Amino acid sequence: MSSAPSPIDVRPESGAASPTSGGNPEGECTDNQNGINVSVNEHKYQEAKSYMLQTSTNTGLNLYDHLADMLSSILSKRPGNIVDSFEELSKKLKRERAKASEDYIYDRPVKPNEIEHAEVEATLFKASDEEMESAMDDEDAQSPVPNIIELGAHFQAAGLSISTEELYRIYFALKSLAEKQPLQIVRFWGKILGLEKNYIVAEGEYREGEEEEDEDENAEEDKEEDENPDEGDEEGEDDDLPKSTYKPQPLIPKEEKGSGANKRTYFVCNDPGREWVKLPPVTPAQIGVARQIKKYFTGRLDAPVVSYPAFPGNEMNYLRAQIARISAGAQISPLGYYQFDEEEEEEEGEARENFIENPEFEGVSARELCDPSLGNWVHHVQHILPQGRCTWFNPSQKGDEEFEDEEDEDEKEEPDEPEPEVGPPLLTPISEDAEINSIPPWSIKLSHKFAREIAVAVIRSNLWPGAVAVAKDKMFENLYIGWGHKYSAENYSPPPPPPVVAEYLSGPDITEVDDPTVEEEAALRAAQQEALEEEGGEELEEEEDDD
Amino acid sequence: MSVTGAENRVQTSLAILRSQNKFQQVYFWGKILGIKDDYLIAQGITTDQMKDIKTFYSLDCVTWNLMPPVDDDIRKKSEKIKGRFTGDPSYEFEQTETAEVDGMTSEQTIQLREEERLSAVLEKIIEDGAVVPRGAFIKNAKGIVVNNSNFQGLQPLDAVKLSSYLHFREAIQLHKKSLIQKEKLEPAIDFLDNIEEDIPKGCWSVQEERGHQVTLRSLYWPGLTAYHIPNTAKFGYCYHGYGEKNNDIPFMF
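Respectively, the protein sequence lines represent chains A and B. Anchor point for the first sequence: position 324 equals 324 in my numbering, and the numbering is continuous, going up by one each time. Positions in the second sequence are counted from 1; adding 547 to them yields my numbering.
In short, the hints are calculated from the structure, not lab data. Since this is a predicted model, take the numbers as computed values, not measurements. By construction, the Cβ of each residue, glycine as well, lies at the ideal position given by its N, Cα and C atoms. Hints should not be assumed to be uniformly reliable.
What the hints assert, rightly or not - Pairs of lysine-lysine residues, derived as DSSO-like cross-links and limited to a Cα-Cα distance of at most 30 Å, are as follows:
| no. | chain 1 | residue 1 | chain 2 | residue 2 |
| --- | --- | --- | --- | --- |
| 1 | A | K197 | B | K792 |
| 2 | A | K295 | B | K623 |
| 3 | B | K781 | A | K92 |
| 4 | B | K708 | B | K748 |
| 5 | B | K781 | A | K77 |
| 6 | B | K686 | A | K92 |
| 7 | A | K92 | B | K731 |
| 8 | A | K94 | B | K689 |
| 9 | A | K91 | B | K729 |
| 10 | A | K295 | B | K792 |
| 11 | A | K94 | A | K44 |
| 12 | A | K486 | B | K629 |
| 13 | A | K91 | B | K686 |
| 14 | B | K629 | B | K671 |
| 15 | B | K598 | B | K723 |
| 16 | A | K197 | A | K126 |
| 17 | B | K689 | B | K598 |
| 18 | B | K689 | B | K729 |
| 19 | B | K583 | A | K474 |
| 20 | B | K598 | A | K91 |
| 21 | A | K191 | A | K92 |
| 22 | A | K197 | B | K598 |
| 23 | A | K91 | A | K44 |
| 24 | B | K601 | B | K689 |
| 25 | B | K671 | B | K729 |
As the list claims (entries may be wrong) - A few chain B residues facing chain A, derived, Cβ under 10 Å:
| no. | residue |
| --- | --- |
| 26 | I582 |
| 27 | M614 |
| 28 | I685 |
| 29 | N697 |
| 30 | G700 |
| 31 | P703 |
| 32 | Q754 |
| 33 | R757 |
| 34 | E791 |
| 35 | D795 |
| 36 | I796 |
| 37 | M799 |
| 38 | F800 |
Bound conformation, chain A alone (with noise of 0.2 Å):
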């Protein structure tokens, strides 16, 4: 079964040091006085040896070579504790082996998504260097976006942040939104979470008369309400068709550019140094679906919602519709930052819509703003009416014209006048907030409890998860990172569809009668009989159907 004993170095080949580990047989050092010992065991030794030689028939490796692998790295780098992790370091080996003997296919040089991101922020530091140049000459130019490194730190402070290296970049792709768009405000907004990408919200106002027209603003707001259908069917035409009799909603129209729900106009991006995308205005049916669902955002901004209720438009609306909603109900400033322009004219009935900032504000300490009654802040964004808007707009007022061609004016009845909604107006303390479930709708603390110093006041809201406003003396500060939902301490249902639309109306043709019974019918002919009878009585006409 063994060759003959051949000259083979005993020592391994590999050039690691000589070996350690037992199971080696002796070596030539005892051959002088065992002379035949050591034959023997240098016949078992190399039995051995040509056994650890054997290759694999699956993989084409020898237990020797790989031994040899192995104690070879064990040694040079010295692992701790590798007696436990002895197995590890065998598969790894192999995998590592295995790898560069395939790699016969040449590598299809993928970019690395890293690469491709460092690409794509690095036209954003590109810009502001080009800035830096123009920005050198005009001292005097005031940036319309805020130092939001200096507010991230008072975010952090509060527990909600956003990565100061983060922070760089989306300062640096708002300064290229201010350029590229002429906004006289631009604010960092927030952060949505999507499934797949983020989004991150600026918010803006644009200088007086220079906002452009929307070229691609949705065709549907101009058609009209349907005609309302005659009620009740004509007697006579027995063919016709059933009319439905259900109305449309009126369709309520959004509000002007500049003001309510669309006073300020969103951009949005997936990271920071990729392109803005403006945020069409919001409409009310839109506020109104987006109020009855809840779904999670993708990170692409032409995704269908797909819902019931049906959402009039895709997730580019369905953000802009939660972000009005989040400002309506989460923005907030501390009392006396912002007043009502005194020049400005109040029109009666109708509600302050504009505000200024205060000149002449000196500044809350933060202790004063932590105070408990909430009494100090106020919100500063409109409240969003049941209807969708923030101003109240009869739907009543078109539809009186068509009701000069009635044919039945008895069966149409007068529709009621709508109640005008009316809501909190604008910078109404946050201590009217309804609570919710029991819960007050906003949590209030010192970012330092023991360093009152330095300390600033947070507030967090508890009716949109995610929306927090820090403060002190002059300086406030609003932030959103969420998922964009409203909580609820309640389970989602979706709404019920609506009941079943009457197809007929309930008349004498289609009710449902029974059968007339055989006495009843018998009944009748009875007296059927008995009036001709009475007439004339000639003519008899006898049944011979008898049941």
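Assemble chain B onto chain A, guided by the hints.
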């Protein structure tokens, strides 16, 4: 998400906690936000990374209290109680349930202390949300779960796949698999459930941040985030949220 200014004493107090309890490692697990106050949670580990864990909570980052143990009774009650945590560990949650039994409506009031609810919720979050990259932990010959010192990180292409991440909990799904399904698994590494099999599909959101960090977010527990930097041994997870499960997932896709 980050710790507030008040809480940067966490590092110091965790070091003290570790020496007091003779832990091998102490992790900052996360934060559960209450209405008035927030809970900070930390975990200490002795030998087995999965079994020898003790969980502590603190309101002020100085004193750490051991979480009470959870039994079935508390688990069942905590599933029924809804609403936010208040921030007071001794607060009693009360919920009345009306049940119709044989035509008669009976009311049952469930009472649960906030501390116990916290403990139960924590256990659930860890069960659903604690994820680690595949290969980061191994079960050694004695059956003890330890850090894999040879873990070099996932490949970038693997790191964005859900199948490269495992639940860090006692395996449930794994035992139900047939031998054929287990053929390709390595027993030392794959002794945990794969998160790819979580129902519904898509309850984990995987994002690649700026090309070099992979972030996983759980949709069942909004606020639970796990991260891993491919080709390095850096990974972790933490929770920063309200401690309420999001049961509306099926409606939200």
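Structure-based check of each hint:
1. A:K197 - B:K792: holds (22 Å)
2. A:K295 - B:K623: Holds: K295 of chain A and K623 of chain B sit about 29 Å apart, inside 30 Å.
3. B:K781 - A:K92: holds (19 Å)
4. B:K708 - B:K748: OK: K708 of chain B and K748 of chain B at ~13 Å, within 30 Å.
5. B:K781 - A:K77: Distance of about 21 Å is within 30 Å: holds.
6. B:K686 - A:K92: holds (17 Å)
7. A:K92 - B:K731: holds (16 Å)
8. A:K94 - B:K689: Distance of about 24 Å is within 30 Å: holds.
9. A:K91 - B:K729: holds (19 Å)
10. A:K295 - B:K792: Distance of about 16 Å is within 30 Å: holds.
11. A:K94 - A:K44: Satisfied, since the Cα-Cα distance of roughly 28 Å is no more than 30 Å.
12. A:K486 - B:K629: holds (16 Å)
13. A:K91 - B:K686: holds (15 Å)
14. B:K629 - B:K671: holds (15 Å)
15. B:K598 - B:K723: Satisfied, since the Cα-Cα distance of roughly 21 Å is no more than 30 Å.
16. A:K197 - A:K126: holds (25 Å)
17. B:K689 - B:K598: Roughly 14 Å separates the two Cα atoms, so the pair holds.
18. B:K689 - B:K729: holds (21 Å)
19. B:K583 - A:K474: Given pair K583 of chain B, K474 of chain A holds - Cα atoms ~25 Å apart, limit 30 Å.
20. B:K598 - A:K91: Judged against 30 Å, a Cα distance of about 27 Å means the pair holds.
21. A:K191 - A:K92: Cα-Cα ~42 Å, so violated.
22. A:K197 - B:K598: With Cα atoms ~36 Å apart, K197 of chain A and K598 of chain B exceed 30 Å; violated.
23. A:K91 - A:K44: holds (29 Å)
24. B:K601 - B:K689: Given that 30 Å is the threshold and the Cα spacing comes to 21 Å, the pair holds.
25. B:K671 - B:K729: Holds: K671 of chain B and K729 of chain B sit about 26 Å apart, inside 30 Å.
26. I582: For I582 of chain B, the interface hint holds, since the closest Cβ of chain A sits about 5 Å away, which is under 10 Å.
27. M614: violated (22 Å)
28. I685: holds (7 Å)
29. N697: The hint holds - N697 of chain B has a Cβ within 10 Å of chain A, the shortest such distance being about 5 Å.
30. G700: Violated: closest Cβ of chain A sits about 13 Å from G700 of chain B, beyond 10 Å.
31. P703: Status holds, d = 6 Å.
32. Q754: holds (7 Å)
33. R757: Result: holds, 5 Å to nearest chain A Cβ.
34. E791: holds (8 Å)
35. D795: Since chain A brings a Cβ to about 4 Å from D795 of chain B, closer than 10 Å, the hint holds.
36. I796: holds (9 Å)
37. M799: holds (5 Å)
38. F800: holds (6 Å)
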